[in-house]
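A.B. asks: Protein chains in written order, with numbering that gives the first Met the number 0: chain A, 0 to 358; chain B, 0 to 448; chain C, 0 to 390.
Simulated from the structure, these hints should not be mistaken for laboratory data. Keep in mind it's a predicted model, so treat the numbers as computed, not measured. Using N, Cα and C, we set each Cβ at its ideal position, and we do this for glycine too. Any given hint might turn out to be false.
Now the in silico label distances, taken between C-beta atoms and shown as ranges [said to hold, decoys possible]:
#1 B:Asp365 to C:Pro351: 50 to 56 angstroms
#2 C:Arg72 to B:Asp365: 42 to 48 angstroms
#3 C:Asp9 to B:Asp240: 48 to 54 angstroms
#4 C:Glu239 to B:Glu424: 40 to 46 angstroms
#5 C:Glu239 to B:Ser338: 38 to 44 angstroms
#6 B:Asp389 to C:Asp187: 26 to 32 angstroms
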Amino acid sequence: MTVAGHTSDPESGADAGRGDVLAPGRDEGRTERERREDVEARYGWRYTLGQLRRDPTAAAGLVVVGLVTLVAAVAWVDAVLFDFLAEFGVFAGLGVEQYALAKAVWTSPVAEPAGTPRLLPPVGLENQFGEGTLAHPLGTDHRGRDILLRLVYGSRVAIQVGFVAAVVGMLGGTVVGAVSGYYGGRVDDVLMRFVETLYSIPFLVLVLSLVAVLGARENLTIIMFVVGVVYVPEFARLIRSRVFSVREEVYVEAARAAGVSTPAIIRRHVIPNSITPVLVQGTLRVGTAILTVAGLSFLGFGVNPPTPSWGRMLSISRDYMIQNVWFSIWPGLAILITVVGFNLFGDGLRDALDPRLKN
Amino acid sequence: MSRLGDLFGTDDGEYHPDLPADPDVGEVLLRVDGLTKHFPDTGALGGLHLDRDGDGPLPLSVEREWVRAVDDVTFDVKRGETLGLVGESGCGKSTLARTILRLVEPTDGAVYFRGRNLATLGTSALREVRQDVQLIFQDPQSSLNPRLSVGRIVEEPMRAHGMLDEAGREERARDLLEAVGLDPQHYNRYPHAFSGGQRQRINLARALSVEPDLIVCDEPVSALDVSIQAQVLNTMRDLQDEFGLTYVFIAHDLSVIRHISDRVAVMYLGKVVELAEKEELFENPRHPYTRALLDSIPVPDPRASGERGVLAGDVPSPVDPPAGCRFHTRCPALIAPDSVDLTDEEWDAVRRFARAVDRREFAATDAADIRERYFDGGFPRGEAGEVVKDAVAAIERDDWEDARSLLVGAFVAESVCAREDPEYETDPEYGDDRHFVACHLQRETDQTY
Amino acid sequence: MHDPLLTVEDLQTHFFTEDGVVRAVDGISFDVAPGEIVGLVGESGAGKSVAVRSILRLVEDPGRIVGGEVRFRDQTLVGFEDDATAADTAGDDRSDDPGDEPGSQPGRPVPRPEMLSESAMRQRIRGNEIAIIFQDPMESLNPVYTVGGQLREFIELNRDLSGRAAREAAVEMLREVNIPDAERRYEDHPHEFSGGMRQRVLIAMALACEPSLIIADEPTTALDVTVEGAILDLVRDLQERYGTSFVWVTHDMGVVAEICDRVNVMYLGEIVEQAGVDELFHDTKHPYTQALLNSIPRPDETVEQLDPIAGVMPEAIDPPAGCRFHTRCPDAREVCTRRNPPCRTVVADGRPHRAACLKHESAFPEADYWASRPIGNLERPAPDARGDGDE
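Next up, chain A with everything else stripped away, as it sits in the complex (with noise of 0.2 angstroms):
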């Protein structure tokens, strides 16, 4: 194929085309590289991983992200994933104590276990040669419950608990702020003081109040949306300030010329255009979130006593940091993670979504 050199290539035709548009000096010294980035990929997912790729940090976070996702959705589907392989004989092979490392790995960790004795240390610090240490590499909580299944299903709390409020907060911010900034004038100024008003109240008293005036101090589910509900005036307030640049573009100007209906042009050229900072900002709240309830279930709100979760976890070990520090650290560690793991992908993502903001 290979026939005159330049045009033998296949996308020569379609960069000899952008030629013209070059803008006096400033663009004279762009790759070609650089202009096909702008091209077709900046928006495409495939280009948003591959600069996360690139960027070790950024990588990080999604690993971190990935795992405990994973193991939230393996927790997610325990029970009935065990009972239903056991039935098949998948773990006839195993030894007993295999079997009891298996069970316990799968199964609900709710249930007190009999003859576990409590607050066991981890695996390779005091109880190396103790009894049962497999069954428990990081020990077991003052019932002698085993504290990695119970880390792993309260995995399961906290990524449904963020990503619930995080996307209870972009849904609500984005239809309010795009409704808001695109219609502007008498309803932007009601959404905005509605807006406002959520906004000037500190943030855990409002999650409080909301919490106890629902009477739902023990329901995950409302709190979830409690917490979502409190994000929404952020993601108003950021989309509304985009969506207030874009609906000024020519091409949404172009989509009403041609008798697009405004709910079309908000749904097609408005939310896309502007919705790139509002994704961002949602994976960084899904750590904030994961940490607001944590905190809340640290004060005793939220879930039920037998049901696994971090902040739980955390909140009881206070009573027993003298007897076992590792019961408290463990949560702590992974709250940690998993936070940081958020904010590391959500800044890593600010960055591919928006180039500009690096260089």
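Position chains B and C relative to chain A; hints supplied.
C.D. replies: Just chains B and C now, with coordinates in the frame of chain A:
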């Protein structure tokens, strides 16, 4: 009633009794009648003004000022023609385009498209009409949503108007890409992959997709390189022939306008000052502003450069445009008031002097110097001379404001140019269409419009 | 004839990017006589802005001047030791790993000892001997300070004046560029000036130190025609009174015809034609110039059909082999795909008329253009229209 209709989008608009709903070539497709658009002046303080003399408790007054972007504009566009609309930045041509399409609501006036008034149309009826009137924008970069593929962009108007099914739309989009000179295979590409000229072709394809009758083009080639400009202009012409399109072509470049238009309207500060067939307007311009505009274009031929009558001063603010003829504050041919009895030479000198004082073009000096500079043979006689002398005395006192108001009061404000809105129609030298001129110089020879 | 004020010889400015070298300015030569307005004209991407910035050594990373000479009077603004090495390294660089650090390639051209230091450029040349005016007058003025204040600061910085004297000089300069009521406008901020007035302020600033050369980079492109006309008149007038030379960058053939004495036409980093303004328009020697002139609509006569240049400008990173214009040239022949002609004198009386086109057999006897086979560019569909069907 119309308000209620508007709310539910059912108002059908009024019909003009004399305009055809389905005009043939040469009949009126679009009539813009007294169209006016005033914007509230949103300054930094949102209309809040410092008013030290006010009687309120605070030295502030909330007074809405209005930017008169388009003021009482009237013209017809015939089916199959290209009407060029030319003017400098800020003259209101882009606002006019948007007001015709009702992308901004008109303050007053009517826009009859196929005999139906778009200005009073309800929202859903308006949406339907937008199938027949399309707009092309100046900036080929920002007028395409970067997140939609070219195919989607071209299909969007069809989708909005429920034209064809999914497959039919795709087929038509590919055909259109080909018609505007792009490769149909580029259907799935994104706008970034195209050059400015190609993006403008995508814009064309989008506009054509719903088989419009009229395309309003707002500076469609201004952002393009000259050689690309020629390609796009040629394509637009070919498409006009092929699809029987009517263009309203807005530009600031008179060369482009001369190339593409059949008739040309010149705008200044929100008003049409002259409208005639192309040859007539370029070869026989009657309005002093049109002349100044034509004189100042650099001609790409070093042997052609003649002397240029440079327009002094800036365009006045559209918030408070001059009364009467809006060009009278800069007009080199301001008509002497009837009360002033001067020879033409004397009037020229007085006018030049008044202008110079108005703009403070010179530093204050003594009377002798001013006389030498502006009144070669001495100050004019009579009442006018007295005013001039008073003004000179004021300048000697360094009271420019006083000098200015003396001169403006005596010579400018009294002129017919500052008192009456000019509207004249004359017989053309070229072609047979009427020649509209908004200049009082036409008053002796021509009948009122 | 006077000695030239400014001489540019084989100037090369390349941009070292990840993917290779963009030869934005690739060996251009021209000179400017005292009191002359020299045009640099071309479409966007031709390299004209980079060229004039290279004269003042204002090229920013990743761009670098890699060869050639710029002499201003007896001073060397740009001067490099060995152009051949520079070209070699540039050539090598194209095949290098794109990830290679551009700053660290071997054989970087060595500046000659007489080349002015950066601080000498700053103190003696820029703003002082050579001033530059940019396209956008708003971006060139600081919106926070008054126009007069900025002008005064500039004068204080570059001339031996201060306080009241500097202020008076500033007001005088504003008057000089016909800003009415200069005394009062001195106190205004840039946003209170119209575009044309701002451009006048920049011209005043450029003139403030009475430079012998002003570089104007598309100074009227953003202005309305009537304003542009007034600015062109002003420049002509100032040029006559001060005897300042100009290098005038523009894409507008009308402006060129109006204001320039000599013109250089640029295409893809090279000067393809160099002539007095009248010869350029009426005795055009290069097909690109001709095509450019044919493609513009005229204000003074009705042209029914425009004759656009086929296709689009190729990428500067990968210019066509041979003559760079051959892909779009109606006169291209087979030899044009192989040889890239330098700009040679084709008409010698008076100041030489140069063109870089092989069809001028007297200047390029070795090419044997007329014996070569035409490649028939005109029959091919424009690449713009049918980009790449082979995806």
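A.B. asks: If a hint holds in the structure, say so; if it does not, say that too.
C.D. replies: Each hint tested on the structure:
1. B:Asp365 to C:Pro351: 50 to 56 angstroms: holds (55 angstroms)
2. C:Arg72 to B:Asp365: 42 to 48 angstroms: holds (44 angstroms)
3. C:Asp9 to B:Asp240: 48 to 54 angstroms: holds (50 angstroms)
4. C:Glu239 to B:Glu424: 40 to 46 angstroms: This hint holds: roughly 44 angstroms between Cβ atoms.
5. C:Glu239 to B:Ser338: 38 to 44 angstroms: holds (42 angstroms)
6. B:Asp389 to C:Asp187: 26 to 32 angstroms: holds (29 angstroms)
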